[in-house]
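*Asks:* Now for the letters of each chain:
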Amino acid sequence: MIPDAKIPAGPLAQKWQSHKARLRLVNPANRRKYHVIVVGSGLAGSAAAASLGELGYEVSCFCYQDSPRRAHSIAAQGGINAAKNYPNDGDSVRRLFLDTIKGGDYRAREANVHRLAELSVSIIDQCVAQGVPFAREYGGQLANRSFGGAQVSRTFYARGQTGQQLLLGAYSALSRQVGAGSVRMYPRHEMLDLVLVGGHAKGIVTRNLVTGEVRSWAADCVVLCTGGYGNVFYLSTNAQGCNVTATHRAHRRGALFANPCYTQIHPTCIPAHGDDQSKLTLMSESLRNDGRVWVPKDAADCGKDPASLPESARDYFLERKYPSYGNLAPRDIASRAAKEACDDGRGVGPSVDGRRLGVYLDFSASIARLGEPVIRERYGNLFDMYENITGENAYRRPMRIYPAVHYTMGGLWVDYNLQSNIPGLFVGGEANFSDHGANRLGASALMQGLADGYFVLPATVADYLAGVGLSGRPSGEGPEFRQALAETNDRVARLLAVGGKETPRSYHKRLGKIVWEQCGMARSKEGLTKAIADIRALREDFWRNVSVPGTGAGVTPALEHAGRVADFLEFGELMCRDALVREESCGGHFRVEHQDAGEARRDDAAFAHVAAWEWKGEGAEPVRHAEPLAYEEVQFSTRSYK
Amino acid sequence: MVKENSPAADHPATLRLRLRVWRQRPGQPGAFEEHELPAVPTSASFLEMMDLLNERLIREGKEPVAFDHDCREGICGMCSMTINGMPHGPLPGVTTCQLHMRNFRDGETITVEPWRARAFPVLRDLMVDRSGFDKVVQAGGFISVRTGSAPEANSIPVPKPVADEAMDAAECIGCGACVASCKNGSAMLFVGAKVTHLNLLPQGKPEAGRRAVAMVRAMDEAGFGNCTNYGECQAHCPKGITLDVIARLNRDYLAERVRAFFASTGKPRRGGD
Amino acid sequence: MGKPTLLGFLVSFPMSCSSCQCRGLSSLAKKAIMAVTGLVLVGFVAGHMSGNLLYFKGPEALDAYAKWLHGLGPALWIARAVLLVSVVAHVWTGIALAAENRAARAGGPAVEATRRASVASRTMPYTGIVLLGFLVFHLLHYTFRTVGADVAAAGDAGRVHEMIRLGFASPGVSVFYIVSMALLCLHLSHGVSSMFQTLGLRNERWRGRLDLAAAAYGWLIFLGFAAIPVHVLATK
Chain A
270 MIPDAKIPAG PLAQKWQSHK ARLRLVNPAN RRKYHVIVVG SGLAGSAAAA
320 SLGELGYEVS CFCYQDSPRR AHSIAAQGGI NAAKNYPNDG DSVRRLFLDT
370 IKGGDYRARE ANVHRLAELS VSIIDQCVAQ GVPFAREYGG QLANRSFGGA
420 QVSRTFYARG QTGQQLLLGA YSALSRQVGA GSVRMYPRHE MLDLVLVGGH
470 AKGIVTRNLV TGEVRSWAAD CVVLCTGGYG NVFYLSTNAQ GCNVTATHRA
520 HRRGALFANP CYTQIHPTCI PAHGDDQSKL TLMSESLRND GRVWVPKDAA
570 DCGKDPASLP ESARDYFLER KYPSYGNLAP RDIASRAAKE ACDDGRGVGP
620 SVDGRRLGVY LDFSASIARL GEPVIRERYG NLFDMYENIT GENAYRRPMR
670 IYPAVHYTMG GLWVDYNLQS NIPGLFVGGE ANFSDHGANR LGASALMQGL
720 ADGYFVLPAT VADYLAGVGL SGRPSGEGPE FRQALAETND RVARLLAVGG
770 KETPRSYHKR LGKIVWEQCG MARSKEGLTK AIADIRALRE DFWRNVSVPG
820 TGAGVTPALE HAGRVADFLE FGELMCRDAL VREESCGGHF RVEHQDAGEA
870 RRDDAAFAHV AAWEWKGEGA EPVRHAEPLA YEEVQFSTRS YK
Chain B
4 MVKENSPAAD HPATLRLRLR VWRQRPGQPG AFEEHELPAV PTSASFLEMM
54 DLLNERLIRE GKEPVAFDHD CREGICGMCS MTINGMPHGP LPGVTTCQLH
104 MRNFRDGETI TVEPWRARAF PVLRDLMVDR SGFDKVVQAG GFISVRTGSA
154 PEANSIPVPK PVADEAMDAA ECIGCGACVA SCKNGSAMLF VGAKVTHLNL
204 LPQGKPEAGR RAVAMVRAMD EAGFGNCTNY GECQAHCPKG ITLDVIARLN
254 RDYLAERVRA FFASTGKPRR GGD
Chain C
72 MGKPTLLGFL VSFPMSCSSC QCRGLSSLAK KAIMAVTGLV LVGFVAGHMS
122 GNLLYFKGPE ALDAYAKWLH GLGPALWIAR AVLLVSVVAH VWTGIALAAE
172 NRAARAGGPA VEATRRASVA SRTMPYTGIV LLGFLVFHLL HYTFRTVGAD
222 VAAAGDAGRV HEMIRLGFAS PGVSVFYIVS MALLCLHLSH GVSSMFQTLG
272 LRNERWRGRL DLAAAAYGWL IFLGFAAIPV HVLATK
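Residue numbers (my numbering), protein chains in the order written: chain A, 270 to 911; chain B, 4 to 276; chain C, 72 to 307.
If you're looking for bench data, these hints aren't it; they were derived computationally from the structure. Just so it is clear, CB atoms sit at the ideal spot from N, CA and C, and this is done for glycine as well. Keep in mind that the hints are not guaranteed to be accurate.
Restricting the straight-line Cα-Cα distance to at most 30 angstroms, the calculated cross-link-like pairs of lysine-lysine (DSBU-like) are [unchecked claim]: (1) A/K590 / A/K371; (2) B/K138 / B/K65; (3) A/K302 / A/K371; (4) A/K770 / A/K794; (5) C/K138 / C/K307; (6) B/K186 / A/K778; (7) B/K186 / A/K302; (8) B/K208 / A/K782; (9) A/K885 / A/K778; (10) B/K186 / A/K770; (11) A/K371 / A/K770; (12) A/K275 / A/K302.
Label pairs and their computed distance ranges (CB to CB) [unchecked claim]: (13) A/A762 / B/K208: 23 to 33 angstroms; (14) C/V301 / B/Q31: 54 to 64 angstroms; (15) C/G229 / B/K208: 25 to 35 angstroms; (16) C/V190 / B/S267: 20 to 30 angstroms; (17) C/H119 / B/P154: 52 to 62 angstroms; (18) C/G114 / B/S267: 30 to 40 angstroms; (19) B/F265 / C/G114: 40 to 50 angstroms; (20) A/T480 / B/P41: 52 to 62 angstroms.
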């Protein structure tokens with residue numbers, strides 16, 4: 270049975286305010302008696318840890334990086350949405366809410382999304398006060414730009430490094446609390462298990478990545494802000510260390526995993542150069558404001574110098590197919606259109622396995638209209654990055670772009686309070702499933718991470734703590750902790766003992782290839798069925814043939830990677846299974862069986878629900894629960910960006 | 004420099020390289036280990052080249068070279084290798100992860116070391132402990148604002164040139180190349196960048212002097228050296244942070260010390276409030 | 072790391088005093104002391120050089136100037152005190168900073184590469200030590216006049232011009248003076264511009280100009296001071 274989503278009663282626009290007024294509070298003098306564990310130090314984790322610490326709770330924050338400032342939120346480039354309506358172009362909380370629901374292809378919860386749109390305004394205030402150097406107009410006011418999927422300019426930005434600046438803002442708030450002694454920071458610690466006591470989340474097991482020490486930590490509740498699972502695809506725009514381990518381990522302990530098949534493919538990434546590629550680099554979607562996407566009309570022209578092709582030989586396919594949004598069509602639509610062009614044999618760039626996988630993103634018209642200095646001012650760092658990676662100058666020659674996995678909308682199931690079905694286990698940011706439905710709009714990830722961290726979690730965690738009272742914290746010596754510790758140690762020992770010949774990376778690569786081919790931009794029943802079988806075979810092979818040199822004491826990079834790959838090998842199957850059951854196309858999930866001439870066909874009658882998967886043990890079939898999505902204010906409509 | 008292949012070429016150009024890599028276990032002296040890499044694609048990044056080496060080591064049952072890396076797109080600041088004596092390698096303005104092998108010559112010997120500074124002790128091989136930077140930020144690298152208590156964002160106008168200058172400083176990724184390149188192991192560029200970013204903005208003004216003094220104290224305690232104005236940090240900073248931020252730190256620090264020296268101590272306080 | 076050097080000994084010696092207060096001052100405070108005392112010394116060498124150049128006007132002018140200086144009484148002693156304090160503070164902070172920096176560097180990388188740091192900036196402690204040695208010799212030579220009876224006799228009689236000519240008659244002494252002044256030039260070419268940076272009075276736009284001005288100042292001081300021993304040797 271799926272638990273209650275605890276959506277508050279009342280009119281949509283008042284739900285959060287009235288709910289907040291009813292949440293229980295903890296007496297300031299008692300707060301320091303509660304210990305809260307926050308795992309992850311990205312936007313959601315840093316913001317939550319800082320805010321909870323500031324309120325007076327005893328907070329411990331864990332991250333695998335060497336400093337909380339390095340969490341992958343830092344790589345978000347384009348911007349953060351907020352319904353400030355500074356440009357006076359008709360924006361409002363309601364419009365941001367509607368855009369997000371529509372962008373999510375009617376697969377997100379109305380109440381969560383409305384709260385997100387409401388909080389967007391406070392986020393900007395908070396960040397500005399922290400000293401985030403957002404772009405400014407000459408009058409000193411904040412500047413805005415438009416972003417994919419929106420017809421208003423509501424995106425705040427700090428050059429091409431908005432995520433970095435927001436994270437540094439959250440990190441500075443976190444550091445202030447660490448300095449004040451209210452938050453203890455544990456960098457280079459990876460969470461390897463969740464500890465449940467009496468059905469409540471009361472602790473975690475970590476491995477110290479420097480000493481190799483595996484130990485447990487007891488707390489009154491656990492907050493996971495551990496990011497998404499995009500690295501299941503091996504090649505993605507995620508950082509190398511991003512992993513599903515924390516959420517997958519919580520899933521194995523009983524937390525429901527919601528909508529794992531909702532993955533977002535970002536249309537503007539630098540195409541892969543070869544087999545040794547370790548990651549794909551995103552070029553901010555904001556580039557699409559001034560770049561025009563095209564491929565040659567004739568496949569025979571694909572190897573030619575793009576400058577030699579006249580306008581009449583170019584197919585500006587996004588402008589042709591989606592005249593009102595053009596190059597700013599939402600990510601999934603733009604990505605699929607690029608894939609179709611390349612499948613049609615009209616891709617450009619070097620051929621990898623006999624196929625050219627890339628389309629042009631051409632700035633020549635904007636450079637002619639605005640001048641090179643303006644383009645340089647807007648995107649200089651991105652053009653530099655592109656040249657650095659490809660050796661090509663995009664001021665002179667169109668960029669080549671191709672879609673890559675970028676964000677995962679699925680995540681641990683949470684209720685309106687961001688609490689999972691395990692009491693005391695809260696999940697924030699990309700790690701939960703809550704706000705983006707089947708597809709995320711550009712500049713919304715940063716918004717969600719910070720909304721969860723600064724404003725939602727501090728309120729709802731307090732409500733939980735007030736409910737369980739001061740006697741809730743276990744000693745950390747109980748049988749549950751001993752067992753979790755023993756299981757983790759055992760698993761580490763098993764990985765070290767396989768003694769095979771293949772590297773963890775080679776399994777990761779093979780897994781990535783399977784899910785990218787069968788559970789990427791286009792999915793089919795046949796392909797997904799095959800993928801599930803292939804992943805199982807690969808998993809068995811992994812546990813027979815992987816090589817993990819070292820003893821596990823001290824720094825052991827192969828062990829870290831192997832542990833993450835092992836979890837991806839279990840999780841990848843769940844993702845494909847979810848994609849297989851969802852017999853419709855919506856947002857980032859595109860089933861080739863469900864389309865009208867290339868356009869996704871949703872099935873609202875059968876699939877307007879959240880799919881939440883329950884772990885039933887290794888080798889056992891997981892159970893799918895459905896939480897119906899009830900829309901009070903929004904009418905289903907077919908997304909059209911034509 | 005090796006010429007990059009044209010994008011349409013079918014076979015990537017490769018290099019034969021000899022690597023001298025620093026290997027070190029905690030509490031033990033380190034040493035260089037030599038490896039031959041016969042075919043490194045010029046399109047690979049430096050870290051992908053290290054991956055090739057590690058893949059081979061793991062297949063041979065040997066422990067891979069430990070090195071810090073994460074985003075691999077030049078923004079997280081985690082990668083940290085001294086390549087042929089230069090933090091982040093020979094190409095100015097990029098991090099190690101963004102350094103591509105097309106910048107090396109066929110047959111070249113490349114020496115790879117960790118960041119070297121007392122304040123950055125080696126944890127393993129090429130990994131160092133940069134927590135000194137976090138301690139400096141914890142001492143004052145923030146604006147004290149409570150969550151939820153912020154005023155309306157546009158109520159604090161910030162002139163565009165000021166916002167731009169603050170952003171120039173805020174681009175610092177905290178990688179530590181400034182410390183590694185400084186012949187004094189000084190963190191002044193990092194601390195200067197933090198102080199400049201926050202002290203320039205109107206939001207940061209109320210704590211500006213206190214911030215500079217607190218962060219300098221933490222910097223000294225963390226064991227970093229002093230600035231003697233070599234300029235190596237600026238020349239090796241992957242984000243182009245300039246010595247201007249150090250001048251500002253110096254100015255704000257000295258102004259605060261002079262101000263505090265002459266400041267009125269005010270009315271003696273009676274206990275309790 | 073490792074090998075004992077002359078510099079290592081010289082810098083570690085004052086640091087071995089456990090009761091000294093240098094650790095109590097922040098790195099930036101020490102730098103500021105370095106810069107302010109440096110400024111005093113920069114002003115002093117300019118004044119000293121201008122006075123010296125009266126040498127070329129003839130014995131009367133120079134001897135009269137010396138007499139006037141000595142007639143200043145308490146003002147002269149105040150100036151001397153300021154100079155003495157400046158030199159001591161400059162040397163002491165310089166040694167303390169060099170020692171701290173050496174420790175903070177922890178040996179540096181096995182392969183050392185320099186992208187930008189000038190020779191002058193990298194040799195500041197070394198040029199500083201040689202200049203300190205020069206200063207001691209110079210004071211013994213012309214102020215306390217313990218080197219050479221003829222020099223002492225001329226000086227005691229107020230015949231400064233003659234004293235200078237006698238002092239520089241030895242080619243060895245003259246070459247030592249000229250080399251020291253060349254090192255002073257090097258020291259100043261980094262120090263003068265660096266002083267502005269340390270006091271927070273420099274930016275990227277002005278850096279090039281200040282570097283140029285510092286180098287020009289260094290050369291001016293070198294030429295002004297070196298001209299006298301060169302002239303003495305040439306007209307002996």
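*Asks:* Hint by hint, say whether it matches the structure.
*Replies:* Tested hints:
no., hint, result
1, A/K590 / A/K371, "holds, 19 angstroms"
2, B/K138 / B/K65, "violated, 35 angstroms"
3, A/K302 / A/K371, "violated, 43 angstroms"
4, A/K770 / A/K794, "violated, 34 angstroms"
5, C/K138 / C/K307, "holds, 26 angstroms"
6, B/K186 / A/K778, "violated, 42 angstroms"
7, B/K186 / A/K302, "violated, 47 angstroms"
8, B/K208 / A/K782, "violated, 52 angstroms"
9, A/K885 / A/K778, "holds, 27 angstroms"
10, B/K186 / A/K770, "violated, 44 angstroms"
11, A/K371 / A/K770, "violated, 49 angstroms"
12, A/K275 / A/K302, "holds, 27 angstroms"
13, A/A762 / B/K208: 23 to 33 angstroms, "violated, 56 angstroms"
14, C/V301 / B/Q31: 54 to 64 angstroms, "holds, 58 angstroms"
15, C/G229 / B/K208: 25 to 35 angstroms, "violated, 60 angstroms"
16, C/V190 / B/S267: 20 to 30 angstroms, "violated, 48 angstroms"
17, C/H119 / B/P154: 52 to 62 angstroms, "holds, 58 angstroms"
18, C/G114 / B/S267: 30 to 40 angstroms, "holds, 33 angstroms"
19, B/F265 / C/G114: 40 to 50 angstroms, "violated, 25 angstroms"
20, A/T480 / B/P41: 52 to 62 angstroms, "violated, 36 angstroms"
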